[in-house]
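Asker: Given next are the chains, with one letter for each unit.
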Amino acid sequence: MRRALALALAASMIAAGCAGDDENKDDQANTGSSDPGTVETETGSSGESTPEPEAPAEGEALGRASGSFVDSFVELTELRRTSPEVVTARFRITVPESAEDNFQVSDRLASEEDGFERGQDRVSGVTITDESGGKRYFVLTDSDGDCLCTTNVAGDGFIDVGKSAELYAKFPAPPEDVTEVSFQVPTFQSIDGVQISE
Amino acid sequence: MSRARATAALVMTAALLGLAGAAAAQDEDAATGKVLDLRVKVLDLERKVTSQGGAVARTDQGRQVRVGLSADVLFAFNSARLTSRSQKALREAAASVDREAGGVVRVEGHTDAKGSNAYNRRLSEQRARAVERELSKLVEADVTYKVRGRGESAPVAPNAKKDGSDNPAGRRLNRRVEIRYGRR
Chain P
614 MRRALALALA
624 ASMIAAGCAG
634 DDENKDDQAN
644 TGSSDPGTVE
654 TETGSSGEST
664 PEPEAPAEGE
674 ALGRASGSFV
684 DSFVELTELR
694 RTSPEVVTAR
704 FRITVPESAE
714 DNFQVSDRLA
724 SEEDGFERGQ
734 DRVSGVTITD
744 ESGGKRYFVL
754 TDSDGDCLCT
764 TNVAGDGFID
774 VGKSAELYAK
784 FPAPPEDVTE
794 VSFQVPTFQS
804 IDGVQISE
Chain G
1202 MSRARATAAL
1212 VMTAALLGLA
1222 GAAAAQDEDA
1232 ATGKVLDLRV
1242 KVLDLERKVT
1252 SQGGAVARTD
1262 QGRQVRVGLS
1272 ADVLFAFNSA
1282 RLTSRSQKAL
1292 REAAASVDRE
1302 AGGVVRVEGH
1312 TDAKGSNAYN
1322 RRLSEQRARA
1332 VERELSKLVE
1342 ADVTYKVRGR
1352 GESAPVAPNA
1362 KKDGSDNPAG
1372 RRLNRRVEIR
1382 YGRR
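Line by line, the protein sequences are chains P and G.
The first sequence lines up with residues 614 to 811 when you count with the working numbering.
The second sequence lines up with residues 1202 to 1385 when you count with the working numbering.
Hints were generated in silico from the structure; no laboratory data involved.
Backbone N, C-alpha and C fix where the C-beta goes; we use that ideal spot for every residue, glycine too.
Any given hint could turn out to be false.
As the list claims (entries may be wrong) - Listed next, with one range per pair, are the computed distances between beta-carbon atoms: (1) 810/P x 1299/G: 17 to 25 Å; (2) 811/P x 1303/G: 30 to 38 Å; (3) 1316/G x 677/P: 27 to 35 Å; (4) 1320/G x 714/P: 41 to 49 Å; (5) 695/P x 1262/G: 14 to 22 Å; (6) 745/P x 1370/G: 43 to 51 Å; (7) 710/P x 1320/G: 54 to 62 Å; (8) 792/P x 1288/G: 47 to 55 Å.
The whole structure should be built from the sequences, with the hints applied where relevant.
Answerer: Here is the structure:
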């Protein structure tokens, strides 16, 4: 009897803990993951983000490159060693007001491995390249092949005119002595000479 | 959603307490609580890094290493004879084996999905053997090789696009010889 009660109590504590974790997850959903809650921010007609004091992550980008597919551009906002083994990129794709069409993500930003079937609305095709070391680093995946990167971009897979999408991807970390890499997003120009922050 | 979870947690707690009550009074009917096991899914990460312009693609998963050598660099079309430009890629693979491998080194040939199964299997095996012959000259470590041709059976990328049309980029990645080993 006592044991049964203790079990029940422990189970309820675990259950409560799960609920708490879930709340935290909801809070974090906006930073990417497989949640469709990709942040879309309004931008001015020049394509520059309008200065909004409370808006986070609107700092100066580490680099910017134009797109080849619709009038769009990508900005790398952070490239950081988030652990000894992992480098995390945060970046933003913007379709300015001046663009004639929205950006349909489809499989355009996906890796060759993911292809059309698996690569829908995910950014698994981004890479970082250590040009002097001659090595290219691909997005980390789990053993099921699912990327550690934003999936379900912008929820419905469209970055609309005047909007941008905040994205992330995680890579295997290059050796410690590699401090500068280039950053590639499919359909965009390369962003070169980016310092990896610690 | 988290509210729903919290409610579920409460229901679960109530159910468990109910069960405890039932255990105390053994003669009564068991409570109708439903208790489910938690299912846990934890996957290893795979890290892929290429060098020599994509000729060598190394993937690490835990202690398992897979070094994929592009067949387009190693061989001419439909040939199992190593080209002169294969040397650089093979030397990089051999260096990895010498540095890390212990025991068994598997050499597996793979093709894309063009051509018949039987032809692809034979070609992939001949190519794997050619790589093993060269690799065993370059590698100094005492390892055992296991060679096989897997034809088109284990693609790493789609051979065709969704509409059934050809996917040359995917097929290029599939044409490869893989060297697999566990890190010591």
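Asker: None of the hints should be skipped; say for each whether it holds.
Answerer: Status of each hint after checking the structure:
no., hint, verdict
1, 810/P x 1299/G: 17 to 25 Å, "violated, 35 Å"
2, 811/P x 1303/G: 30 to 38 Å, "holds, 34 Å"
3, 1316/G x 677/P: 27 to 35 Å, "violated, 45 Å"
4, 1320/G x 714/P: 41 to 49 Å, "holds, 45 Å"
5, 695/P x 1262/G: 14 to 22 Å, "holds, 20 Å"
6, 745/P x 1370/G: 43 to 51 Å, "violated, 26 Å"
7, 710/P x 1320/G: 54 to 62 Å, "holds, 55 Å"
8, 792/P x 1288/G: 47 to 55 Å, "violated, 31 Å"
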